[in-house]
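Undergrad: Chain by chain, the residues:
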Amino acid sequence: MRDIFFDLSVRSVRLNFLRSMLASIGIVIGVVAISSMGMLGTNMQLQVKDQLSTGADTLVITNDAVRFGPPGSTIDSSSTSTGITKTQLLKIKQSAGTGNTIIPIYRSSTEFTLGSVNGRGTVYGLAPNDVTSFLTLSNGTNLDGMNDALVGSTIASNFNVKIGSRIHIGKANGSETRPVVRVVGIIEERGTSSDNVNTDNAIVVSRDWYTDHYGGEDQYTQVNVIVKDIDTISEVKTAIDAKVNKDPDSPVIRIQDASSRLSSITSTLSTMTTFILAIGAISLLVAATSIFNVMMMSVNERVQEIGILLSIGTEQGEVRRMFLYEALILGILGGCIGGICSLVIGYSVVGAMIGSTAYFFLPESIIYIPAGMIIGIVVCIISGLYPAWRASNMDPIDALRSE
Amino acid sequence: MDLNKIEEETVGRPGMTEIPLIRLADVSKVYPLESGDFTALNHISLDIMEGEFVALMGPSGSGKSTMMNQIGILDVPTTGELYIAGKNVARMTKLERTHMRRDTIGYIFQKFYLIPLLTAYENVEYPLILKYKKRDTTGKADAILNSVGIDRVMSAHRPTQLSGGQQQRVAIARALVNDPKILLCDEPTGNLDRKTGYQIMEILVGLYEKGKTVILVTHDPKIAEYAKRTITLEDGRIVES
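Listed in order, the protein sequences are those of chains A and B. Just so we're aligned, residue 1 is where the first sequence starts under this note's numbering, counting upward by one. Just so we're aligned, residue 1001 is where the second sequence starts under this note's numbering, counting upward by one.
Everything labelled a hint here was simulated from the structure, so no lab data went into it. Since the structure is predicted, the reported quantities are computational estimates derived from the model, not experimental observations. For glycine and all other residues, C-beta sits at the position ideal for the given N, C-alpha and C. Hints are all accurate, no fakes.
Label-pair ranges, simulated between beta-carbon atoms: (1) B:Ser1028 x A:Leu385: 35 to 41 Å; (2) A:Val286 x B:Asn1146: 50 to 56 Å; (3) A:Ala278 x B:Leu1095: 40 to 46 Å; (4) B:Leu1095 x A:Lys49: 52 to 58 Å; (5) A:Leu385 x B:Leu1095: 18 to 24 Å; (6) B:Glu1081 x A:Ile382: 38 to 44 Å; (7) A:Arg401 x B:Val1030: 14 to 20 Å; (8) B:Ser1147 x A:Ala281: 55 to 61 Å; (9) A:Ser402 x B:Glu1081: 26 to 32 Å; (10) A:Ile25 x B:Ser1147: 45 to 51 Å; (11) A:Arg11 x B:Pro1059: 36 to 42 Å; (12) A:Ser402 x B:Pro1059: 23 to 29 Å; (13) A:Phe6 x B:Ser1147: 26 to 32 Å; (14) B:Ser1028 x A:Ile381: 39 to 45 Å.
Okay, chain A solo, but in the shape it has when bound (with noise of 0.2 Å):
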């Protein structure tokens, strides 16, 4: 059985359908807003977090350079290096314990030339054999000659790079007396990894080659320790930081492991979304005020109606009840459009930003749908109360008098 005050309600938005359709398209746009922008933020993290799993074994250590100790204490010689040192090295093996991989890296900047085509990038420098212990290569062989290098997959693909080109290192200067390697290998895409080594854009180079061209012999820019056993993680990350950083107010390295800066990522990329939420939450907080004014107008429309209701021995919450039916109604009118609206939209936005829409179905992306409908008609419901709280409260003899 239908009720009544439904049904009225019903009536009421047909009859004014075209004022309901408008105010519920503000629904519908602050619905598609927050969806919307809500999966792009939960579709950016969640692709995040799958790139920075690749290398979740791994501690990566930096030299902590930027710190700078208590206040008042003076800069330490240890911290102002620019490298993990050959005996900060050393201790980090002794600490790590056996099994685990210890991988020294260094790491530049650089400008190169393929060809005649010039191009930016980053240079690492490995040990071959320190190479294929975490890097996997889709064409070609590892390093073996000095001028041996390996390229990542965006270089590979940008510039057509075969087995056998060379490269030109360096900032390009017409007079060609820039070191050259050439390419043995193509490394697999590795993406956003959280070893801090994203060799996509990156040329990889013998440590040889390296620091004969760019120096700082023994001064890594970082260390990662790949560990055997990923469930004793923390305790390598405790050992490495007592036996290297022993005085804990000044500590000349800095440690991280993958969840912390897995955690550090998806906090920013969490706030970020948090933000762009709120953005589409100012279109609800609109939508809100166009169905609060439509309310508005139905009640001031039916003043005579509300006092015949009243007259005859409607109760005041049946009348508030007909009212918030109405709000309902441009509510799910509104938050069903939009959420259908936002599937459309959210997965192209999605598609548009991010280049993938892989992660677009997963429940915790595709939660923002149904989330943002509820929102959209609590919204709506909200709206309403006013309005139906002044049509229940009524004197129903002036609204019976009324024209």
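Got chain A sorted already, so can you dock chain B onto it with the hints?
TA: This is chain B only, laid out in the frame that chain A set:
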């Protein structure tokens, strides 16, 4: 309708109790205005027994409508006491007053005041839904509509699709459907032509004959002649009863 016959029948009607159905005890209604207080009802005392047919007459501004609003529990007195069916209205909660309006009083207005979004049938069914919280499955709404001359085809129409006379018949059916003790009729023929007006009055007389207490506000002395008792108001006071 033979008016003399009604008079004869009303005197000593069986089933009538000695306790007044409506009692106004020194009732005043004062409206505060910027220009000063306006007294619409001035110390009115009045008893109306169950089964009476009373006409309220008087010039504009005499207090007829105010008295109707008091008896109809749409308003409460400023001073004095009003009893409906033995209950002191001033001591009732808002919800109790609403329920009394729904169950004890049937309203018939000059402008019909049907709910425009509902059909004639739904307008009559509406008070039943208010009272029983469910749709009418007993056929009561249909039967009452039929008794006032509205057939099934007509009852499917919205108020705007009906003539004035038909709308007033529907309004009477709506007023009667919860079997109220009191029928309050505020100028029920005021928006109708003379012939239709008399037809409506015949219906009201029929209801009076069946034991309903009918209170009628009118300007028209010919219409007032249908009533057994006439109360004339002037400046908020009863000048003739």
